[in-house]
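Chains as they are written, first to last, in my numbering: chain A, 373 to 526; chain B, 516 to 1013.
Derived from the structure by calculation, the hints contain no laboratory data.
Beta carbons: idealized from backbone N, C-alpha and C, even for Gly.
Any given hint might turn out to be false.
As a list, the in silico DSS-like pairs of lysine-lysine whose alpha-carbon atoms are at most 25 Å apart [to be verified]:
id : chain 1 : residue 1 : chain 2 : residue 2
1  : B       : Lys717    : A       : Lys414
2  : B       : Lys941    : A       : Lys437
3  : B       : Lys755    : B       : Lys800
4  : B       : Lys757    : B       : Lys800
5  : B       : Lys998    : B       : Lys941
6  : B       : Lys800    : B       : Lys758
7  : A       : Lys471    : B       : Lys717
Examples of chain A residues toward chain B, derived with CB under 7 Å [as the list claims (entries may be wrong)]:
id : residue
8  : Ala384
9  : Arg399
10 : Ser401
11 : Ser406
12 : Leu412
13 : Arg452
14 : Ala456
15 : Gly463
16 : Gln490
17 : Ile501
18 : Val519
The calculated label-pair distances, taken between Cβ atoms and stated as ranges, are [as the list claims (entries may be wrong)]:
id : chain 1 : residue 1 : chain 2 : residue 2 : range
19 : A       : Ser406    : B       : Val761    : 47 to 53 Å
20 : B       : Ala653    : A       : Ala511    : 43 to 49 Å
21 : B       : Asn896    : A       : Gln449    : 28 to 34 Å
22 : B       : Ala566    : A       : Leu390    : 51 to 57 Å
23 : B       : Val761    : A       : Ser523    : 50 to 56 Å
24 : A       : Val504    : B       : Leu987    : 49 to 55 Å
25 : A       : Ser523    : B       : Arg748    : 37 to 43 Å
26 : A       : Gln449    : B       : Gly804    : 18 to 24 Å
27 : A       : Leu425    : B       : Gly973    : 30 to 36 Å
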Amino acid sequence: MFSRDFVGGLAAVVTGSLYFFLSLNLRSSALADSVGPAGLPKILGGLMISLGLILCAQALYRSIKSNRLETNEWHGQGRRILRAFGLLCLGVGYLLLVKTLGYALSIAILLALVAVYQGASANWHLAAIASVGAGTLWAIFVLLLDVPMPSGIF
Amino acid sequence: MDALLSLLSHFSDINLILAATLGVVWGIIGGAMPGISPSITMALLLPFTYALQPSTAIVLLASTYVGAEYGGSIPAILIRTPGTNAAAATVTDGYEMNRQGKAGLALGISLYSGVIGSLFGLFLLVMLSKPLASVALAFTPPAYFALGVLGLSVIVSLSGESLVKGLIAAVLGLMIATIGTDPVSGISRFTFGSSELLSGIKPILIMVGLFAMSELLVQASKLDDARVKTAPRIRFPDNKLKKRLVLPQAIGGILGGFEGVMPGAGGTVASFMSYNEAKRWSRFKSEFGHGSPEGIAAPETANNTVAETALVPLLSFGIPGSNSTAILLGGFLIHGLVPGPLLFTQSGDIIQNLYAGLFIAAISLLFIGMAIMPACIWMVNRPRPYLNAFIFALIMSGIYSINNSLFDLSIMLFAGCIGFFMRLLKFPFLPTVLGLVLGFMIESNFRRSLVLSGDDLGIFVDDRISLVLLSLATIFIIGSLSKRFIHALFRKDNGPQG
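Next up, chain B with everything else stripped away, as it sits in the complex (with noise of 0.2 Å):
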């Protein structure tokens, strides 16, 4: 409570509440870039921030970074083009949304639930920091890996009606992840010569292109407009929503502080899980995948939440879990400071200005929010030659600048290509999108994991929280596939459907 009160004393600062809300405004420019991730929109700043002070320079990266995580949603929702890699997970019902003319209320329930997942995450990071990171640091390559398998579970349901398919789809994606260099040997692997193969393929770009690319050879291939247009202003949930978001955002909440404080895990992983975990929860299960509001508001209070609790690792030990901790690791050493628990005795006042600041930016995120969102559906109301015509320089545009590569440009326009056929056979892109993300922490870890024990299998059960996140993926798995063949069972019992 001492710490809550004397957060209360920073709050006049104009310094920190100018970097605050700049750091936000900037933060979802990058963010709703398509290729732009949070880490690159806060590296552009990293210049500026050396002439500034210390507190105001490490709030307005931080901010960034909160700013990055929401706007990703805002192209998600409205041109079914994730911005960050965890709003892949709000792209299937925030775009079915858009498509029903609701483009208002899905903006709306993604920033109340970004600014509730900030809260949230911002609450965790202050109260519980000290017991957080030490979680953090109980996690070995075998907890890792059975993490990875939890996150695969979910696949299971995330299949659609066909698990074939969906299974299909997830091999998929983990193939493609083994493509680049060997995590243990160092041998390259499948890369057929290429130098810009050798670090892999970046999941952005099969995401675009799966979600994006696939969008616009869809539309290009119909003649007709048969969108329904959107009134151009951002419509917040009523009351009876809001007690429906209730669940979806505390499985969000607890799922994103939980995944947040892990180096290495991420916002996609606490998307993925708390999107599945809200469809397993819901009493509106049939809604999921057609538009339902709790299929954004899980995913986006998840990877809000993860904004903040990623500071845990990275305040607490100096470990940077991602790329945009990295930066703000960057930030931090620019100014002489040295994350870890010295810091908390040392620089005290920091860390209380970072905490005043990145509450004052989760509560800008809610104005500036409001804010922007007319222009942005106005720009999706326009007529659709232009309006796709655009969205396909904006990606082609966003894909070059992730690494200035027009070879990056092809790997997303054939993974375009992998989407239409996918979406012509009816292949789920969710576990794609997941076995790509998840590919590479499973085989790293698992060998890994292997290598330390001497090849005994054994050290994943004898790992207590390995044993545990096993076990829970074998439930969540099992249970899946029991109500799959219940629901199958029923279906036979009543006669063919449709």
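The shape of chain A in the complex, shown without the other chains (with noise of 0.2 Å):
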């Protein structure tokens, strides 16, 4: 029963009902047009929720006709998202440092961490990798392109 497309549906509804209850407090303003800024809103969202509630729908429909549960399209997904979410934790551990540690040794530790997460070897060859990594990046980004990247508080 929950397929794929049955939680996209239920996703999209969810989110079109969020949506469209925030359009619903936008302030009106004594220079809008007859449309106004909740005009688009308002049909963006209603139309989120019924494409939702349709595509619901269609993998309902679809499971009962084929009178079987679609459990192995779920099969192992679990641990796939927890190992994504955990490469998702280095980059906002990379935001909340960087301000910091400044650029250039935050973006060398995200090298070093996601080298390893990935299952690479954590040794003098990472560390070296990270440096030169490190060092390519911040020459092109502040030297190159004179990005004033975060200088941290060293």
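Join the two chains into one complex using the hints; note that each chain is given alone, in its own frame.
And the structure:
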């Protein structure tokens, strides 16, 4: 019953409902035209809910028609989602640390941690690659492109 | 013809050759960096142009634009990261070819089509500047609205197996496009008090999140390295393939030429429409989305044609239709030159030098592209842990450099999560990107049109361009829907597949 399409439809209904609710609360303005700032958002919210319901109905119809549970398509997905979440956490960690540690050090740490997370061995070879990689990126963005990257507190 | 002949006399200027070549090199570097847009790449050069001769400065900036538009396709093909907005249409088939071990050929097709697009765009710029400029002036808000709707009409064929999923993805893109300040009343929408969201969410943040970040998350979720390594050299299409690419390149050139002259339309719309039309007219439709050479040729020809024809409204009327041409306008003004009809009579030499410089830039694109590709391919053949770590670090650095904002990075990571779950639930990305890019254009011009007409919807029919574009959109939608219906019926008659 909880096929990918059904879950996708459900997600669309939830997203559409939330968006529609928020669009109901948009302020209006004396400068507003006849459509108003909430005009399109309300239509989009309604459309998203309707399309989500259609997708759910299609998924239900298919599962009833085929008379079998589509549980196989979720097999092993939990572990994969967790591994992806781990990588995302490394990105969030970088966001939290970059202002304190500065760009060059943070990006070197990010390079090393992501490589280890993806299966590289933590050794001197990795440290050298992370240092050279961070140096290259620093040279491109800070020296060449003149981007004011966070310098950190050190 | 006289215009073309007089161009030849400018080719011996060494300063011009140097400016065009360096501009292309710099443009490719900037375009290939995720987050560094062509306009940023050009803006970084602007201070250096003060000391240059006016012609050299203008050629340097314009060649940078040409190089950057091409450069965006390199990370799109190699690491699933569109370097520019317009390169988003190249990602699907380019990256698929890379996964099949054909990165060299994909890059070769992209380069070959990019050069053809540049030369074709230059031809249009030189020969048809005046008639094309009148097209730009004829565009009013209803016509822009209709152009946006025409762009959205391709969603039906970009939706993949499920039309409902494609439509949901497109609505999601349109929803994201409504975040920020309302285009008519100035009220903030869905910003939750955040000043960073007032100017809306830049499409490149969502694109890099959806394509590149989600790919990294998917790679992280797998333990095996199932990549096919590719030979570290660029491979140009053979004669048979070149013949096959003629039609998509013609489609890309025509649509790029048309879209380029319209201020605000830009290379992204041209790329997506070219991709869709190339698919519609192809004899190998089923290959699209699975590594089709035509799926690279059409959008790459289109966005490189746009890089040239976008100069038409700038040179003819002084109207910058995009951020990049606005920077170029800055380059003109720095040297006391005011683009417009008088520029052609008062500073004809500058215009001739610009045309010659753009020709040199298009040719040098071919040689510079060939020179840097082996290094790029060598990089993507590195072991997966190191490659993914470098891509992650590169996109985190590139996205930060757009606005020097950590908030942008969090938006990109969030878009990556959405992309990961969209892939898990088998939703297509391209409709989301299209909705995101066209949302603001459609809404703002629809509402402006109603304000102009006193809420009379007839304005969309009264405006001839709008009527033609809306009719085309209707024909495209009905055509694609009936094709889907017939296909579904045919499948039903032949029993369930797979």
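(request) State the violated hints by number, sorted upward, taking the hints as numbered earlier in the document. (result) Those not satisfied: there are none.
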